[in-house]
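Go ahead and model the full structure; you've got the sequences and the hints to work with.
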Amino acid sequence: MLSNDPPKKDSSQENRTAYWKENLTYLISLLAVWFLVSYGFGVLLVDQMNNFRIGGAKLGFWFAQQGSIYVFVVIIFIYVFLMNRLDKKYGFSED
Amino acid sequence: MDVKSWTFLIVGLTFALYIGIAIWARAGSTKEFYVAGGGVHPFANGMATAADWMSAASFISMAGIISFAGYDGSVYLMGWTGGYVLLALLLAPYLRKFGKFTVPDFIGDRYYSNTARTVAVVCAIIVSFTYVAGQMRGVGLVFSRFLEVDINTGVFIGTAIVFFYAIVGGMKGITYTQVAQYCVLIFAFMVPAFFISLNMTGNVIPQLGFIGEVSDGSGVALLDKLDGLHRDLGFAEYTDGSKSMIDVFAITFALMVGTAGLPHVIVRFFTVPKVKDARISAGWALLLIAILYTTAPAIAAFARTNLIETMHNQPYAEMPEWFTKWETTGLIEWTDKNADGIITYGPGDITDPAVANEVKIDRDIMVLANPEIAQLPNWVIALVAAGGLAAALSTAAGLLLVISTAVSRDLMKMQLKPNMSEKEELWWARGGAAVAVLIAAYFGINPPGFVAATVALAFGLAAASFFPAITLGIFDKRMNRQGAVSGMIIGTLLMLGYMSVYRLGWFVGEVPPTSSWWFGISPEGFGTVAMVVNLIVSLVVSRLTTPPPREVQDIVEDIRIPQGAGAAHEH
Numbered sequence: 892m893l894s895n896d897p898p899k900k901d902s903s904q905e906n907r908t909a910y911w912k913e914n915l916t917y918l919i920s921l922l923a924v925w926f927l928v929s930y931g932f933g934v935l936l937v938d939q940m941n942n943f944r945i946g947g948a949k950l951g952f953w954f955a956q957q958g959s960i961y962v963f964v965v966i967i968f969i970y971v972f973l974m975n976r977l978d979k980k981y982g983f984s985e986d
Numbered sequence: 221m222d223v224k225s226w227t228f229l230i231v232g233l234t235f236a237l238y239i240g241i242a243i244w245a246r247a248g249s250t251k252e253f254y255v256a257g258g259g260v261h262p263f264a265n266g267m268a269t270a271a272d273w274m275s276a277a278s279f280i281s282m283a284g285i286i287s288f289a290g291y292d293g294s295v296y297l298m299g300w301t302g303g304y305v306l307l308a309l310l311l312a313p314y315l316r317k318f319g320k321f322t323v324p325d326f327i328g329d330r331y332y333s334n335t336a337r338t339v340a341v342v343c344a345i346i347v348s349f350t351y352v353a354g355q356m357r358g359v360g361l362v363f364s365r366f367l368e369v370d371i372n373t374g375v376f377i378g379t380a381i382v383f384f385y386a387i388v389g390g391m392k393g394i395t396y397t398q399v400a401q402y403c404v405l406i407f408a409f410m411v412p413a414f415f416i417s418l419n420m421t422g423n424v425i426p427q428l429g430f431i432g433e434v435s436d437g438s439g440v441a442l443l444d445k446l447d448g449l450h451r452d453l454g455f456a457e458y459t460d461g462s463k464s465m466i467d468v469f470a471i472t473f474a475l476m477v478g479t480a481g482l483p484h485v486i487v488r489f490f491t492v493p494k495v496k497d498a499r500i501s502a503g504w505a506l507l508l509i510a511i512l513y514t515t516a517p518a519i520a521a522f523a524r525t526n527l528i529e530t531m532h533n534q535p536y537a538e539m540p541e542w543f544t545k546w547e548t549t550g551l552i553e554w555t556d557k558n559a560d561g562i563i564t565y566g567p568g569d570i571t572d573p574a575v576a577n578e579v580k581i582d583r584d585i586m587v588l589a590n591p592e593i594a595q596l597p598n599w600v601i602a603l604v605a606a607g608g609l610a611a612a613l614s615t616a617a618g619l620l621l622v623i624s625t626a627v628s629r630d631l632m633k634m635q636l637k638p639n640m641s642e643k644e645e646l647w648w649a650r651g652g653a654a655v656a657v658l659i660a661a662y663f664g665i666n667p668p669g670f671v672a673a674t675v676a677l678a679f680g681l682a683a684a685s686f687f688p689a690i691t692l693g694i695f696d697k698r699m700n701r702q703g704a705v706s707g708m709i710i711g712t713l714l715m716l717g718y719m720s721v722y723r724l725g726w727f728v729g730e731v732p733p734t735s736s737w738w739f740g741i742s743p744e745g746f747g748t749v750a751m752v753v754n755l756i757v758s759l760v761v762s763r764l765t766t767p768p769p770r771e772v773q774d775i776v777e778d779i780r781i782p783q784g785a786g787a788a789h790e791h
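Sequence order for the protein chains is A and B.
Under the working numbering, read the first sequence as residues 892 to 986, first letter to last.
Under the working numbering, read the second sequence as residues 221 to 791, first letter to last.
By construction, these hints were calculated from the structure, which means they are not laboratory data.
Keep in mind it's a predicted model, so treat the numbers as computed, not measured.
Wrong hints could be hidden among the right ones.
Said to hold, decoys possible - The calculated lysine-lysine pairs, modelled on DSS-like cross-linking and capped at a C-alpha distance of 30 Å, are:
#, chain 1, residue 1, chain 2, residue 2
1, B, K637, B, K251
2, A, K979, B, K697
3, B, K320, A, K980
4, A, K979, B, K320
5, B, K697, A, K980
6, B, K643, B, K251
7, B, K637, B, K320
8, B, K545, B, K224
9, A, K912, A, K980
10, A, K912, A, K979
11, B, K580, B, K224
12, B, K697, A, K912
13, B, K557, B, K580
14, B, K580, B, K545
15, B, K320, A, K912
16, B, K320, B, K697
17, B, K463, B, K580
18, B, K320, B, K643
Structural data, given as structure tokens:
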């Protein structure tokens, strides 16, 4: 069981805290993009965005029905890349 | 061959495949029944998650709803994809590291309380039943349309199939069936989409056709043409919604957060070997889902344009065969009010004599009838039937597994009969699945509303109960039992109460008018409010009560670090 793990050393605790802080920084930045492309471009700013066009579609409408989804996929793959790098940096990689 | 023979052939072949896989991958242990042994490849899990996720509502109803709602339909597109970002970033890796079998497992251990576990079990069961009813209805609809049987007979046939393979295969059987079902459903969705896009815009890729020009040489953008048709008929412009901004915001948010909180989706991330697999698996799942979700709005716009042009101001006598065929199933209704033999289409209720509109169209036919409307070959039509069934069955199976696991593990094993043998637990799991299938069939025959609306409400409940409890359990070390339990109970009751009053009209005599909605937010979007209330209650109550014990804080420390997930799994 998890709770039976030996107590962590101080250095390890610092390492963990630093790892967690960097993780949170990634989360906040990526979630800001997540919010911007969907709730920003697709909902709150949709009328302003609709003054621009992408091909035959109004840009705000396009973000609400297409663009935001493409960005979501990219966000997850960027997160995977960043976290795999972070795991290695702090020696928490599972490989 | 005619459509019916093709349908029997293709549907029969896919069913044989699913049953074959279920027998090959039948579960021998509880670990295989609950999490497929924990050794699923991340890409395979991505495919299974995508099939699990994309329901009858996604496959059959979504394009139809968008087709009628235009911009307002965006809530489903963003809501049902954006949740994966939350899942990948905030939940999946940590829950995988925690390394047990169910969502109530996490809630019960993290909040060191069987009360919390029971609340989670009840929430999981309510959410899953609300959702599974829509799936069984979807199965019935597909059967009734393509095999020309009664909708209820269709529900029975679907029930029998799910009954068989969910009970035999458990999570292991379901996972590999879902991989096959993803292939069937995405192929079935994309083939007609390619044809229709090519017909309408000259571009084979629907996502490009969507922003392209109509292929009649006029140089008009497809969406501009559709906006024009809408204006002429008296509808709001297609690219310009009629819902209020706050409601669009609230519904999208409730769907996203609900997606991330749905137990049948979360549990899929317990089946991969490592934490990093859980992360990448969420990425694959969303990529595979996005293929359908970016095609659906294109199909919606194509179908809408096509439908208006084929039907409006045209003589009834010259309608294509599909029009009369769908009339007999009651999914299209036409009343010749002015007795001129010409179909007039527009906004408004056809039973109102003052309204010019003469046609009533069920949203669900947009995907099902699309191949016929676009005059595609018979085998494509049959393929769509098989795809709709794959979507409904895969989701139903995933949900039934959650219900059966909630009974056998979270209720029996963890609480009522802790000493029972693994064999006995497996029997409880199978029995739970069996009872759940029958109840789901009942809801399929007596549906609470049209398919996507029922599903949308399940999200509100997931958002109001699980999402805050799980994320706070990971990101707030100070969160304790009292906070989480009171938050979950108040959030769930608030959501259920609002839904009962404002959607079903219970306790108040009749459904209140939309002007009386709180903050102008519909029952579909109310999950956002209930979730925020849950968060606030949890935070306030936890700060007023004692911190969680040391060993629980150690669990939180531990799940934040990916290393050692394999070891944590063996217990």
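Please list, smallest to largest, the hint numbers that this structure does not respect. none
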